[in-house]
Amino acid sequence: MIFLKRTLPLIITFITGMIMIVAFFSGEGLPSIKSLESTLPKWIQIIMTFTMVLGAFSLLRINLQKISRKADGWGYSLVLIIGFLSMAFLGLITGSWPMFDKPLTKGEIYYVLCEDNVSARPIRVIDNVKDKEGKIKVEYVDDKGEKLADTESAMIPPDTARTRIMSYANSMQQILFVGVFKNAQSTMFSLLAFFVASASFRAFRIKSKEAGLLMGSAFIVMLGNVSIGSLVSQILAYIPVIGPYLNIADIKEWIMTYPSSAAQSAILIGAMLGYISASMKIIFGVERSHLGGEG
Amino acid sequence: MSIFRRPPRSFVPILALILCALSMSFLMADQTVKSTVTEHRQGEAALCCSDHGTTAELAAKPAAEAKPWFAKERKTVLIIIVLLLLFVSYFTFHAQRKDLFIRRISGLSALEDAVGRATEMGRGVMYIPGIMDMDDIQTIAGVTIMGHVAKKTAEYDAALYAPMTRSFVMSVAQEVVKQAYLEKGRLDAFRPDRINYLTDDQFGFVAGVGGIMMREKPAACFYLGTFYAESLILAETGNSVGAIQIAGTAEPSQIPFFVAACDYTLIGEELFAASAYLSKNPREVGSLKGQDMLKLVIIAVTIVGTLLVTISETEFGKGLTPLAESFMQYLK
Chain A
1 MIFLKRTLPL IITFITGMIM IVAFFSGEGL PSIKSLESTL PKWIQIIMTF
51 TMVLGAFSLL RINLQKISRK ADGWGYSLVL IIGFLSMAFL GLITGSWPMF
101 DKPLTKGEIY YVLCEDNVSA RPIRVIDNVK DKEGKIKVEY VDDKGEKLAD
151 TESAMIPPDT ARTRIMSYAN SMQQILFVGV FKNAQSTMFS LLAFFVASAS
201 FRAFRIKSKE AGLLMGSAFI VMLGNVSIGS LVSQILAYIP VIGPYLNIAD
251 IKEWIMTYPS SAAQSAILIG AMLGYISASM KIIFGVERSH LGGEG
Chain B
296 MSIFRRPPRS FVPILALILC ALSMSFLMAD QTVKSTVTEH RQGEAALCCS
346 DHGTTAELAA KPAAEAKPWF AKERKTVLII IVLLLLFVSY FTFHAQRKDL
396 FIRRISGLSA LEDAVGRATE MGRGVMYIPG IMDMDDIQTI AGVTIMGHVA
446 KKTAEYDAAL YAPMTRSFVM SVAQEVVKQA YLEKGRLDAF RPDRINYLTD
496 DQFGFVAGVG GIMMREKPAA CFYLGTFYAE SLILAETGNS VGAIQIAGTA
546 EPSQIPFFVA ACDYTLIGEE LFAASAYLSK NPREVGSLKG QDMLKLVIIA
596 VTIVGTLLVT ISETEFGKGL TPLAESFMQY LK
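Going down the list, the sequences are from chains A and B.
Numbered as in the working numbering, the first sequence ends at 295 without a single skipped number.
Numbered as in the working numbering, the second sequence ends at 627 without a single skipped number.
For lysine to aspartate or glutamate, the following EDC-like pairs were computed, each having C-alpha atoms within a straight-line distance of at most 20 Å:
hint, chain 1, residue 1, chain 2, residue 2
1, B, LYS362, A, GLU37
2, A, LYS42, B, ASP428
3, A, LYS207, B, ASP558
4, A, LYS5, B, ASP430
5, A, LYS70, B, ASP488
6, A, LYS70, B, GLU511
7, A, LYS5, B, GLU478
8, B, LYS370, A, GLU28
9, A, LYS66, B, ASP488
10, A, LYS5, B, GLU470
11, A, LYS132, A, ASP159
12, A, LYS182, B, ASP495
13, A, LYS182, B, ASP496
Residues from chain A that face chain B, not an exhaustive set, calculated with beta carbons under 10 Å:
hint, residue
14, LYS5
15, PHE24
16, PRO31
17, PHE57
18, LEU59
19, ASN63
20, GLN65
21, ASP72
22, PHE194
23, ALA203
24, SER265
25, LEU268
26, ALA271
27, ILE276
28, HIS290
Rather than coming from a laboratory, the hints here were simulated on the basis of the structure.
Think of the CB as a built atom: it goes at the ideal place given N, C-alpha and C, for glycine as much as any other residue.
All chains, please: the whole structure from these sequences, using the hints.
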């Protein structure tokens with residue numbers, strides 16, 4: 001058991017780590033080794049795909065347990081399970097609809113998705129024989145199946161036409177994905193604006209020399225980014241001797257180009273050394289805490 | 296190389312054999328490709344020798360155009376790695392005989408206090424090892440520190456909540472935390488359902504974590520790993536529930552947010568130094584010292600290079616221009 005849990009992962013890590021290092025430094029004279037540099041990351045993607053199943057099962061198990069025990073906040077778990085199952089069901093149905101749908105019949109009414117990706121428009125198949133581009137001829141009709149007066153026949157790819165049930169499933173899936181999920185995502189992201197304001201307020205309280213410097217430089221950078229900054233520069237220009245040098249936009253540019261990027265470079269160099277060192281420790285088995293044991 | 300420290304009798308030869316077999320197979324594959332190409336070119340040469348020279352001259356052409364086995368443009372990285380290995384080996388050897396000094400890192404020193412505070416307040420601890428998968432070295436560093444935090448929560452009997460954005464990380468984290476509780480003899484207190492997967496989606500995860508924070512009101516929050524736009528949302532939510540917060544990331548763009556919103560922040564390399572700092576393991580401390588020495592070398596090279604290039608731009612340093620140019624070329 002120890003062999004499978006500790007020794008085998010260490011051997012695999014060591015061998016793959018060494019191969020990747022050799023592949024990284026290999027030139028064009030060693031094409032099969034060089035190609036591993038792009039091949040192995042694809043293996044990682046495959047493994048990661050399998051872990052999606054692990055995540056889905058874990059999510060369902062934990063939340064179903066909460067519901068069955070009526071634990072605190074089990075209502076949230078219920079919402080999660082309903083959302084999870086309905087999205088998975090609709091996604092599977094709409095994603096693999098050609099497997100369930102019949103071939104298109106001439107004269108029958110089908111539905112195509114509108115530009116908003118939610119609502120569907122009825123069409124009638126005039127000719128189900130594909131042209132050179134693989135499209136079929138259709139005409140737009142109303143809900144009763146009458147041809148719309150102001151429209152002409154059109155050529156559409158046959159896989160965009162769906163039956164009534166499939167178009168409902170597709171619309172539902174799109175409503176949940178675009179109407180609920182995407183909007184919820186945007187809402188979370190927009191919260192950032194409020195949090196930036198509250199965090200800045202706390203960070204800019206001058207309690208020490210460093211906080212004072214931070215406040216001062218942040219004030220200049222903010223001023224340099226808004227149009228009132230140039231007005232301030234014009235006013236400052238009236239100060240004798242040093243006035244012409246007090247251009248807020250120039251000072252802001254200097255802060256961003258030199259002190260800020262120098263600090264960022266220093267952090268990056270340190271981090272990169274940390275990356276290399278940590279990778280070496282893992283490859284050689286010095287660091288093994290991630291395997292569940294002493295480092 | 297600690298995997299060879301106490302190896303089973305047949306372990307080292309087997310490993311060496313595997314590596315040799317792999318290398319040989321790759322070399323043979325490349326050699327086969329090369330000989331096929333050479334034969335093809337010799338055939339072409341025999342056909343057109345009257346226009347472009349003798350057969351012997353053209354057959355020798357592939358040898359002259361032989362592609363390099365080593366990627367020359369990566370020589371600087373190789374030098375850095377070799378230097379790092381030399382420094383690490385030396386200091387690891389040195390650390391086993393003498394205690395090496397590590398400067399105090401406030402964020403890591405406060406780790407125990409944060410868990411203790413949560414215990415006194417009767418509230419839990421929240422730990423987030425970033426939002427990336429196990430192929431990210433920052434996530435591994437985050438999971439490593441999580442083991443140390445778990446030991447403290449096991450010791451103090453505090454609840455540990457660790458919502459995850461990747462199922463693979465969840466699986467590893469569960470194992471690490473379980474081992475920590477086992478080592479402290481508190482396996483009965485280990486709750487795998489508190490180390491749970493939420494979603495792979497960035498903002499979906501933030502919403503989930505925010506909800507857990509508002510409901511459980513943890514007294515200590517740890518954010519150690521790779522973070523992007525969600526860093527500030529997490530830290531501000533943690534701040535709003537009155538938690539003591541310790542963050543660490545090597546993402547330069549997120550460090551200011553953590554500095555503004557958290558009580559302690561591990562900046563860049565400090566995240567990777569945490570394991571050595573907390574375990575005081577001589578091998579890890581040695582590698583940390585080796586890393587510091589390399590940093591010293593890089594600082595020296597930066598200063599010398601800056602002076603060299605600056606002086607070469609002046610009238611007095613015209614003679615230094617070729618040296619400065621070759622220095623710049625070498626760094627590229």
